[in-house]
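Start from the sequences and build out the full structure, keeping to the hints where you can.
If you want the building blocks of each chain, they are given just below.
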Amino acid sequence: MAGIRRLVLDVLKPHEPSNIILAKVLSELEFVDGVNLSLYEIDQNTENVKITIVGDNMDFEEIKRTIERLGGVIHSVDEIVAGKKIVETVMTEQDR
Amino acid sequence: MAGIRRLVLDVLKPHEPSNIILAKVLSELEFVDGVNLSLYEIDQNTENVKITIVGDNMDFEEIKRTIERLGGVIHSVDEIVAGKKIVETVMTEQDR
Amino acid sequence: MAGIRRLVLDVLKPHEPSNIILAKVLSELEFVDGVNLSLYEIDQNTENVKITIVGDNMDFEEIKRTIERLGGVIHSVDEIVAGKKIVETVMTEQDR
Amino acid sequence: MAGIRRLVLDVLKPHEPSNIILAKVLSELEFVDGVNLSLYEIDQNTENVKITIVGDNMDFEEIKRTIERLGGVIHSVDEIVAGKKIVETVMTEQDR
Amino acid sequence: MAGIRRLVLDVLKPHEPSNIILAKVLSELEFVDGVNLSLYEIDQNTENVKITIVGDNMDFEEIKRTIERLGGVIHSVDEIVAGKKIVETVMTEQDR
Amino acid sequence: MAGIRRLVLDVLKPHEPSNIILAKVLSELEFVDGVNLSLYEIDQNTENVKITIVGDNMDFEEIKRTIERLGGVIHSVDEIVAGKKIVETVMTEQDR
Amino acid sequence: MAGIRRLVLDVLKPHEPSNIILAKVLSELEFVDGVNLSLYEIDQNTENVKITIVGDNMDFEEIKRTIERLGGVIHSVDEIVAGKKIVETVMTEQDR
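Which chain is which? The protein sequence lines are B, F, V, U, X, P and A, in order.
Each step along the first sequence adds one to the number in the working numbering, with nothing skipped, and position 20 is 20.
Each step along the second sequence adds one to the number in the working numbering, with nothing skipped, and position 69 is 69.
Each step along the third sequence adds one to the number in the working numbering, with nothing skipped, and position 29 is 29.
Each step along the fourth sequence adds one to the number in the working numbering, with nothing skipped, and position 75 is 75.
Each step along the fifth sequence adds one to the number in the working numbering, with nothing skipped, and position 92 is 92.
Each step along the sixth sequence adds one to the number in the working numbering, with nothing skipped, and position 53 is 53.
Each step along the seventh sequence adds one to the number in the working numbering, with nothing skipped, and position 29 is 29.
Any given hint might turn out to be false.
[Said to hold, decoys possible] Under the rule of at most 20 angstroms between Cα atoms (straight-line distance), these lysine-lysine pairs were calculated in the PhoX-like manner:
| hint | chain 1 | residue 1 | chain 2 | residue 2 |
| --- | --- | --- | --- | --- |
| 1 | U | K85 | X | K64 |
| 2 | A | K64 | X | K85 |
| 3 | V | K84 | U | K85 |
| 4 | U | K84 | X | K85 |
| 5 | V | K84 | F | K85 |
| 6 | F | K84 | V | K64 |
| 7 | P | K64 | A | K84 |
| 8 | B | K85 | P | K84 |
| 9 | F | K84 | B | K85 |
| 10 | P | K85 | B | K85 |
| 11 | V | K85 | F | K85 |
| 12 | P | K84 | A | K85 |
| 13 | U | K64 | V | K85 |
| 14 | X | K85 | A | K84 |
| 15 | B | K84 | P | K85 |
| 16 | X | K84 | U | K85 |
| 17 | A | K85 | X | K84 |
| 18 | B | K85 | F | K64 |
| 19 | V | K85 | U | K84 |
| 20 | P | K85 | A | K85 |
| 21 | F | K85 | B | K84 |
[As the list claims (entries may be wrong)] One side only, chain P facing chain B, incomplete, derived with CB under 10 angstroms:
| hint | residue |
| --- | --- |
| 22 | V11 |
| 23 | S18 |
| 24 | N19 |
| 25 | I20 |
Keep in mind the hints are simulated off the structure, nothing from the lab.
Each residue gets a CB set at the ideal place from its N, CA and C atoms; glycine is no exception.
This is the structure we're talking about:
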């Protein structure tokens, strides 16, 4: 296992296609092992979701195209994990 | 294991049939492994429950029909987990 | 294992019979594996307890009759877990 | 293993005999596996301690007599765990 | 394993001998497995430390004499664990 | 395993090259096992990221050169873990 | 394993030599297994770091000399763990 292993994306999308479909389609990309899609804000025509994608050697451009093909826009990439080992962020004295 | 693996639903329902029955009926759907139903608000005629459903290749439409057949309405799908691996949402610097 | 696996009950009861007796009697029901009874409010004649019951294929009506036979009343069923797997509730972005 | 498995007691006691002695005597009861005694308030002549006792098929009356023989009084039984399995209390939406 | 298994002590001591020496001497008592000494307040001539001692069948009087021989005074015994099993204190509804 | 094992860096960088590229390039350094890059502030031309790098006998100068080659500047090294064992920081009474 | 097993030190040091060097040199002492160095305050000419050192039968005087040789001063020894077992500090009712 190597390359991009986990991504946390902040995505703005229309209500349709549904989040069920978006999560399923992303989870079916060849290099993806699993997807967590959490809804955090709903407006009249759009909604904001936080998407966590785990996999091996993930192709960010293909993930981006998939989200855009379903009407979504990536607002920011909040976390990237890359390499042989999954590394979690560490709380330091600077964060307290 | 693949497809939809976990759903968190916000559901409005009448007091009857009881939550005991709703949890049991959902847990008996063929593709469901387990259900957690938590009550978070009670009004005179209705109540709001948070339902977490875990399974393999879950059929959202059948879950929805089952809830509606027992008088409930899904207000929102708060989280969807899909794919070979169960992925938990990750706290990032953006959430602090 | 299937059916109702865990229940969290909010119960109002008189001081006698004691909580020791109530916990023991519930734990001796055939389908029950264990009981946690926590006291959270005491008044002059009554007390409020939170009862968590774990088991397999639990019969809610029998649990209810047992509590009522010992003078208690179930105020609400706060959580129900059902199915082959014990599912915990998941914190979502909606809960933050 | 069955019957009463864990008790959390709120006890008022004189300074003597010491908490060291009280914890030791309770831990030597035949049906007790372990005792945790925590001091939470000291007054001029008395102190309040929280006692957690773990065992198998514990005899509450004998525990009570032991505490009283050493000058203590049980103010309340804050938690009782009974049955084949140790069940922990579960945080529900009602507790948030 | 039985008897006193863990003690948490609140100790007032002079700056000398150092905490390094106090921790080491306590850890070398025959019935002690390990010691954690945490500094929580420093004054001009004295300091307050919280000492957690883990062992088997520990002799409180010998621990006390050892601390006093090095100039310290036990202000309070905040927690005592005794018996075959190490029991942790349990958060109950009364603590919330 | 020895030498520098984990570093937490506070880095200021331009938007391009992207964080995806920075995380990937760092994860491909020979002595690196994994990288976590978290975005915590975005300004018009720059962004601040917290980078956690895990590996064996890591060469800080090479990590620094790599970051600078991609336009970034290390503002501070917030945590360093070195040696045969990964040691986590410990909360003491002084931190409460 | 015995003697001093873990130390948490509050150290004031000049910016140079760097923390990378200080962590590495400490981790290379024969009796040290691992070092965590966390930066918590930076001033114009000095910085404050919290150093956690884990090892077996550690020689405090040699650690102190090593830190002083690199220009640092130990302000306080915040925690000492000694003995056959690593003992963590325990939260008691007195800490709540």
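Hint check results:
The hinted pair formed by K85 (chain U) and K64 (chain X) fails the criterion: a straight-line CA distance of about 39 angstroms is larger than 20 angstroms. Between K64 (chain A) and K85 (chain X) the CA atoms are separated by roughly 39 angstroms; this puts the pair beyond 20 angstroms, and the hint is violated. Note on K84 (chain V) and K85 (chain U): the hinted pairing holds, with a Cα-Cα distance of about 18 angstroms set against a maximum of 20 angstroms. Distance restraint check for K84 (chain U) and K85 (chain X): the Cα-Cα separation of roughly 18 angstroms lies within the 20 angstroms cut-off, and the hinted pair is therefore satisfied.
The suggested pairing of K84 (chain V) with K85 (chain F) holds, with an alpha-carbon distance near 19 angstroms, which does not exceed 20 angstroms. For the hint linking K84 (chain F) to K64 (chain V), the alpha-carbon distance of about 40 angstroms lies beyond 20 angstroms, and the restraint is violated. This hinted pair does not check out: K64 (chain P) and K84 (chain A) have alpha carbons roughly 40 angstroms apart, beyond 20 angstroms. Of the supplied pair hints, the one linking K85 (chain B) and K84 (chain P) holds, its CA atoms being roughly 18 angstroms apart against a limit of 20 angstroms.
For the hint linking K84 (chain F) to K85 (chain B), the alpha-carbon distance of about 19 angstroms falls within 20 angstroms, and the restraint holds. Proximity of K85 (chain P) to K85 (chain B) is assessed by CA-CA distance (about 17 angstroms); at most 20 angstroms being required, the pair is judged to hold. Straight-line distance between C-alpha atoms of K85 (chain V) and K85 (chain F) comes to about 17 angstroms, which keeps the hinted pair within the 20 angstroms bound. With a C-alpha separation of about 19 angstroms, the suggested pair K84 (chain P) and K85 (chain A) falls inside the 20 angstroms cut-off, and the hint holds.
Distance restraint check for K64 (chain U) and K85 (chain V): the Cα-Cα separation of roughly 39 angstroms exceeds the 20 angstroms cut-off, and the hinted pair is therefore not satisfied. The suggested pairing of K85 (chain X) with K84 (chain A) holds, with an alpha-carbon distance near 19 angstroms, which does not exceed 20 angstroms. Distance check on the hinted pair: K84 (chain B) and K85 (chain P) sit about 19 angstroms apart at the alpha-carbon level, within 20 angstroms; holds. A hinted pair counts as satisfied when its Cα atoms are at most 20 angstroms apart, and K84 (chain X) with K85 (chain U) qualifies at roughly 19 angstroms.
Restraint check for K85 (chain A) and K84 (chain X): the C-alpha separation of about 18 angstroms stays at or below 20 angstroms, so the hint holds. Straight-line distance between C-alpha atoms of K85 (chain B) and K64 (chain F) comes to about 39 angstroms, which puts the hinted pair past the 20 angstroms bound. This hinted pair checks out: K85 (chain V) and K84 (chain U) have alpha carbons roughly 19 angstroms apart, not beyond 20 angstroms. Annotation: proposed proximity of K85 (chain P) to K85 (chain A) holds, straight-line Cα distance about 17 angstroms (limit 20 angstroms).
The straight-line distance between the Cα atoms of K85 (chain F) and K84 (chain B) is roughly 18 angstroms, inside the 20 angstroms bound, and the hint therefore holds. Against a cut-off of 10 angstroms between C-beta atoms, the interface hint on V11 (chain P) is violated, since the closest Cβ of chain B lies about 13 angstroms away. Nearest Cβ of chain B to the Cβ of S18 (chain P): about 8 angstroms, under the 10 angstroms cut. The hint holds. A distance limit of 10 angstroms between C-beta atoms decides the matter here; for N19 (chain P) the minimum to chain B is near 6 angstroms, and the interface restraint holds.
The beta carbon of I20 (chain P) is positioned within 10 angstroms of a beta carbon in chain B (closest approach about 5 angstroms), and the interface hint is therefore held.
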